[in-house]
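Guided by the hints, dock chain B onto chain A, whose structure is given.
Protein chains in written order, with the working numbering: chain A, 1 to 450; chain B, 1001 to 1283.
Some hints here could point you the wrong way.
[To be verified] Okay, derived cross-link-like pairs now, DSS-like style, lysine-lysine, Cα gap no bigger than 25 Å in a straight line:
1. LYS439/A <-> LYS1217/B
2. LYS305/A <-> LYS278/A
3. LYS144/A <-> LYS362/A
4. LYS1244/B <-> LYS390/A
5. LYS362/A <-> LYS390/A
6. LYS362/A <-> LYS1244/B
7. LYS1139/B <-> LYS1217/B
8. LYS330/A <-> LYS278/A
9. LYS362/A <-> LYS1139/B
10. LYS268/A <-> LYS351/A
11. LYS278/A <-> LYS336/A
12. LYS268/A <-> LYS362/A
Just so you know, these hints were derived from the structure itself, not from any lab.
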Amino acid sequence: MKTTDETAQASSPAQKPGAIRRVIRGLKSIRLAIILMALIAAASIVGTLIAQEPVEPGPAIARYGRVVGSLVVLLGLNHLYVTWWFLGLLGLLALSIAACTFSGVRFTLRKTFTLITHASILLIVAGAILRGVAGVDGNATIGKRQTTAVMHVPSTVWVDYKYAGSGGERSVQKESHELSLSEPAVLDNAGVVADSIVVTDLSGATTYKPKVDYDIVEGENRTGLQYSQSSAIGAVPLGFQVRLDDFVVRYYDDAHDALEVRLQGAAKARSIPREVGKVVQLRPDGTAIEMLRYFPDFKMDENNKFYSASNEPLNPAVEVRFTGPAGESKQWLFSKYPDLAGHGSVPEGIKIKYVWHPATVKTYESHVTILDEGGREVQSAVILVNSPLKVGPYTFYQLSYDPETLASTLEVTRDPGVPLVFAGFILLPIGVALAFYAKPLLNRKGRGDA
Amino acid sequence: MHEQLWTISFAIFLAAVLLNALQAVLALVMKKADRAADSAGWLRWMRRAGNVLIGLGMIGLTATIAAEWRAIGYPPFSNIPESMLWMAWGFCGVYFVSRIFVGFTGMELGASLGAAGILAVSTLFPQGAHPLMPALQSKWLVFHVFTCMVSYGAFFAAFCTAILWLAIWRQREPQKVLDVLAYQLMAFGFLALTVGIISGSVWAKQAWGRYWGWDNKETWSLITWFVYGIYLHFRMAGAQFGVKRENLPLLNAIFAIAGFAFVAFTYFGVSYLLASLHSYATN
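The following block holds chain B by itself, in its conformation from the complex:
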């Protein structure tokens, strides 16, 4: 059942990619032709339809998670593809919250591409649920992994925003898009990661009697936290380092992209390249 729901969700996100790509291209063409793209009613309807598709995809993800949870009898966090479902869900959630505050051409395309991309990448990893080992049987499992996955989703959204900005919109909407959106996404991701690391520490204390053991996954989470912590402090005092205010968007873009490299290594690299107590997802 959950496999069919996953396929339906993926198909919806692919449809959203197509529709939103068409909408973005038409909007750009109209802007180039000096026509009032924003006021074109049919373009607005296309945009709304694109958002509806992303929303339907998110509902599909929710149903997939619920069906899998019911089928295996425990929260679906036992392998990488399962945890990526939560990451895609967090990514969509972060998108819809951001959408309330910011709107720009191609935002829907970035969101649908990102969600479809996460689901596509998840198929590259071995499937099949593993029974939960004793250490994972805790009420902290859902909260800890959920907050970490939401933070990864937010950092991925910041990454997508930075890529979009560097590739297309750098000359058009620099302050609005990056100084607001990428910063807010990274700040929210930092908050969620803080909660994720703390909940993991509390859980480790309950399971093993210590908060922190310098396990490779723990250490890389801390490294990622420091990287975004550096960014937040650097942004606050950029003038001390000779960064001009007009260059802040570029700084945001650099950190959003570089920071996500650390997130990706923490998520995938540690699981596959380094020994870790957290590598049960890849066993």
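With the rest of the complex left out, here is chain A:
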């Protein structure tokens, strides 16, 4: 950025500057840089306060009401970080930094430090642009012992749909939606479920029948579109195959369960760890609780006899006995069904539930094999969060998994901007450190020499 002295020199040119020079001079202005940083910071604050949602107007209007919601949608505040005006502010700041870095700078050692700082930011921006232009970002969801040769990238489609019902009758044509594997695109259907949907990809070349290529997410108040794995829209061939040999979830040894007892008038519930045979006094009047039996996988047979179907905590239940002045009573408590407790068998003034805290996930691993197009095995690897796998131009990251089917979702990227971004990452702190600590030393030395 330009210093005060430079401004003074620049403001008295011998010739009237041309339009381009005036623009560059304006971009070089430190005042502009400060205003842009302040505007970006202010807009970012707004972005953190308003829920960032899909581009569709429906959720914003439902959340903020018709008037405020429409304003939010109009200004794009519900998807602020991808709006043209926010990206424009970032672009303008990048131009301002570029003008400061490359325009009219006399390359002295002192100025080099600031130049490194600004140039490193430009490198990061250039890397991000290169990723956006030439990179690919998608997902691949693979079931156990299944193979995929493609990944899916979010794609814009045109949707024609009509619905008729108690909420009204409406027909919509050529509405644009972005589809991704992770989130269903929600149609703004004002409380009715669409009865026919036709989806066309952006080129308009192919029309897909929804039940063939899409899962239609039908809830009480909405109709949605979601990628299915078989969809051809947005499918990018990898040039090789990925087979999920196994998917392993490992847990910490921290699963625990307890009875939570709340006495009438008490501010906090009392937690009593499960221990079969243990008797715990609950009240001074002699009311006590005893844990009789524990079944990790509670089941009842045709003779109404209770048993545990396995040692896995699939339906943990504990039988307790209350004793005291009110007499004796027994009760089964279920962690999955806490509302079942307390119907007649729990003493007056006591609320009780059985709480099961499942083990925390420690790690989840995709054991994969890469096969070439001919089906020959090339390499085997384990992909974990923080331990991606690079195959050719693509990198596979462990994103998530389906806890029921244990299908693994991998983030797949091809990012040619990495070298630029990492060069910027290395140079930025070096430039800042030199500007803060080496420049004053040089200035002091210069003054001393003079």
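Just chain B now, kept in the frame of chain A:
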């Protein structure tokens, strides 16, 4: 073990507060009475003793972190009180480095009050270590959180300096204290935050395949970075905005206080008020 060490560290910082408060009051009284406070040997010894106590407190913090790390088997960053241990450590480190270059009456008091304050505030948050979730199991964890906490410590030190200057020393040592100390603290904090944000981006790339996701914590870190970036540019070209050189200390104080409000919101506000991928510390 680490709980006892924490208590010992806190007690040492409280003792440092008492000793340094006494030293500062006596120094001010002597200055007011026109006596040569600086040359009074016993006051200098009190000051040294105050620094020794702060140093002992910092050693106690180091031992607390090491003991907790050993006890839970992973770096203690899993909740707010654990991360505040690192912030207090960074604050003390920044103080001792600053102390090499600058010295003024009450600096020790500010440092011991700040460190004790951080530890006291940490008790307001839920305790108890959480197991590290898969995304946190990375070699970048220590480096990323450490650099961020050191930057927060530096910004907090700048905040304390600004408060001290506005409350007490504004008429006495304006240039020396603020133009040097507060600026240097904010510059160092900015550098550390830059490294913290970059290391977080590299880590995010390794974990999720993207550097930046506009998560609320990431965004507020960037906002904080911009606020201090604005300050550094504004300070450089204050004349363009009509700021006179003699008003630079006041500008430093305003930004040190306002900037720390952004730091505090990024640290606590985002964790408790906004949804964030980084809110595992409060879960």
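Hints, verified against the model:
For the hint pairing LYS439/A with LYS1217/B, the CA-to-CA distance comes to about 32 Å; that exceeds 25 Å, so the pair is violated. Note on LYS305/A and LYS278/A: the hinted pairing holds, with a Cα-Cα distance of about 24 Å set against a maximum of 25 Å. A distance of roughly 20 Å separates the Cα atoms of LYS144/A and LYS362/A; the hinted pair therefore holds under the 25 Å criterion. Straight-line distance between C-alpha atoms of LYS1244/B and LYS390/A comes to about 56 Å, which puts the hinted pair past the 25 Å bound.
For the hint linking LYS362/A to LYS390/A, the alpha-carbon distance of about 23 Å falls within 25 Å, and the restraint holds. With a C-alpha separation of about 57 Å, the suggested pairing of LYS362/A with LYS1244/B is violated against the 25 Å cut-off. Of the pairs offered as hints, the one joining LYS1139/B and LYS1217/B holds, with about 20 Å between alpha carbons and a cut-off of 25 Å not exceeded. With a C-alpha separation of about 15 Å, the suggested pair LYS330/A and LYS278/A falls inside the 25 Å cut-off, and the hint holds.
For the hint pairing LYS362/A with LYS1139/B, the CA-to-CA distance comes to about 16 Å; that is within 25 Å, so the pair holds. Proposed proximity of LYS268/A and LYS351/A is supported: the alpha carbons are some 12 Å apart, at most 25 Å. Taken as a hint, the LYS278/A and LYS336/A pair is honoured in the structure, with Cα atoms around 23 Å apart against an allowance of 25 Å. Only pairs whose Cα atoms come within 25 Å are accepted, and LYS268/A paired with LYS362/A is rejected, the gap being roughly 31 Å.
In the structure shown, a violation is registered for the earlier hints numbered 1, 4, 6 and 12, in ascending order.
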